[in-house]
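Take these sequences, add in the hints, and give me the full structure.
So you can see what is in the structure, the chains are spelled out below.
Protein chains: 2
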Amino acid sequence: MIRIGIYGYGNLGRGIECAVQQNSDMTLVAVFTRRDPSTIKTVFSGVDVVSAGSVADYADKIDVMILCGGSATDLPVQTPELAKLFNVVDSFDTHARIPEHFANVDKEAKASGKTAIISVGWDPGLFSLNRLYAESILPEGNSYTFWGKGISQGHSDAIRRIDGVVDARQYTVPVPAAVESVRNGENPELTTRMKHTRECYVVAAEGADKARIEQEIKTMPNYFADYDTTVTFISQEELLEKHGGLPHQGIVLRSGSTGANKENTHIIEYSLKLDSNPEFTSSALIAYARAAYKLNQKGDSGCKSVLDIPPSMLSRKSNEELFSYL
Amino acid sequence: MIRIGIYGYGNLGRGIECAVQQNSDMTLVAVFTRRDPSTIKTVFSGVDVVSAGSVADYADKIDVMILCGGSATDLPVQTPELAKLFNVVDSFDTHARIPEHFANVDKEAKASGKTAIISVGWDPGLFSLNRLYAESILPEGNSYTFWGKGISQGHSDAIRRIDGVVDARQYTVPVPAAVESVRNGENPELTTRMKHTRECYVVAAEGADKARIEQEIKTMPNYFADYDTTVTFISQEELLEKHGGLPHQGIVLRSGSTGANKENTHIIEYSLKLDSNPEFTSSALIAYARAAYKLNQKGDSGCKSVLDIPPSMLSRKSNEELFSYL
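As given, the protein sequences belong to chains A and S, one line each in that order. Numbering of the first sequence is given in my numbering, commencing with residue 1363 and proceeding in unit increments. Numbering of the second sequence is given in my numbering, commencing with residue 1363 and proceeding in unit increments.
Careful: at least some of the hints might be erroneous.
Said to hold, decoys possible - In silico DSS-like links for lysine-lysine, alpha-carbon gap of 27 Å or less:
| hint | chain 1 | residue 1 | chain 2 | residue 2 |
| --- | --- | --- | --- | --- |
| 1 | A | LYS1469 | S | LYS1656 |
| 2 | A | LYS1660 | S | LYS1656 |
| 3 | A | LYS1423 | A | LYS1472 |
| 4 | S | LYS1679 | A | LYS1472 |
| 5 | A | LYS1469 | A | LYS1446 |
| 6 | A | LYS1469 | S | LYS1403 |
For the record, the hints were derived by calculation from the structure and aren't laboratory data.
Right, dumping it as structure tokens:
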């Protein structure tokens, strides 16, 4: 049995707790939290909830610690720190800072002899893998990633910070004509505006100036100014009822050509349709936790990304059983 | 530069010749053939064509030999034999015999200190990878593979063996309603007949009994009897004009559930649309040839499948450049 720890208990931590139940070679040892453990209600009963301060006591009791904190401030500190004691897996998703995070984690994991796998999930994660596979096989061509339709937490937060906004949800939506053009092998050049639209559902405070809020959203640099954005004001009840879930979707496409005169076109498409973004990410983290464990058993140490992990390491199947995939 | 050899020169060998041109870290040393080398016309001029009997003279001149023979009789003999002298890559695709082929190649490659990667292509190959990734991440659910619309060489050959048939092409076609049901997360149970139909285009000899030919096709065990099959008689000219290419397509789908009560459904879909089946397979072989070379440089030996290869090994990018995929 691979002994799993969960460090941080939000949507992702709850997803890991559920995912462990689906993997018969794993057992959950404890959930670690910076909050008062007595205030934490786990999904299943009988789960040990422990103060984060006591984590060092578990160095010999946990094979892989799965970090479930946020990328902005939690993981940059926690992943290197916990790699001193445990094999670790995280879902660090600030794309631009991955090389720096990788180096920090690598240093600690090499020193402790532990294995770390960072930036696990779907993007970065499975989408990264598919971009790499597709481009390695079809070196001449174009790659496209479309996100949505799904809720962007960062964009929803940005709207909530506007004066007069009580609550908000923002959906990123691919432009169907752009996706179709790529699928047809037309290799379009697509600007930011041509790829995605943004749909905002906003709860305004009573008496707030809705025209001003809409204007502030639509002109917000980086977040909305480069997109065709629609703003719909709704009640808090409607927001929770119709936009309360965390679904997401996305597509990675590669259009490439081969042949003596590049006369043949090939389209590789990978897509995800997820009812629950955090639960799917948790399921990916659990599979890579298995890989971290197996690699460390083989004497490996240091930091890896999904690009470095042999696919067979994710599976609980034996070498003989793996032939069934071929 | 990775020095490539091509062993066997048909559609796949020609595809490799083109693919080498698209990979600036590779160079083609020679094409090996069992035919009279003077009768071989290569795609590009200036390519050395050498008798297969002289292959041992190239042991120090080629880094990876790509085997382009057939799975029925060529590869079971050639891949183990050439693994005595070279790192080798093949596209062995007789699914049921892969474990046996793997063992034979592994024995020779371990003895010679060479690296071998077998069963590279799209199925087995990229589809195998996607079945493994998807099932490892969503352990509870169902997997589906649909092939087509595309030409099946084996089924076309089977029709050609019928008395009175001059030529034939057979398309395997997925049933749209079955694909949609899987995409909708309905987890259907699908019989053979519910998944694919078979479309046959047949050139009959003058005066042949077409009704008898059609009946023989539709009742042929294993190949057609379990499918809804249509037979269309056309002229040789029309066959070559409209059905002369080798396009193919396919889809791998995984529908899985997560959550405390398995209440959330996720769909992972991987699809390929290929103008040229052999050229795409060649492109995959070239990427795995790079991996075989890199692994061997690291001291690896023995046989591997695509499931065992770290994705980053397929790329010509540096470790720093690989971060761009994340």
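We went through each hint and held it up to the structure:
{"no.": "1", "hint": "A:LYS1469 / S:LYS1656", "in the structure": "holds, 25 Å"}
{"no.": "2", "hint": "A:LYS1660 / S:LYS1656", "in the structure": "holds, 20 Å"}
{"no.": "3", "hint": "A:LYS1423 / A:LYS1472", "in the structure": "holds, 20 Å"}
{"no.": "4", "hint": "S:LYS1679 / A:LYS1472", "in the structure": "holds, 24 Å"}
{"no.": "5", "hint": "A:LYS1469 / A:LYS1446", "in the structure": "holds, 10 Å"}
{"no.": "6", "hint": "A:LYS1469 / S:LYS1403", "in the structure": "violated, 55 Å"}
In terms of the numbered hints stated before, the structure departs from hint 6 and from no other.
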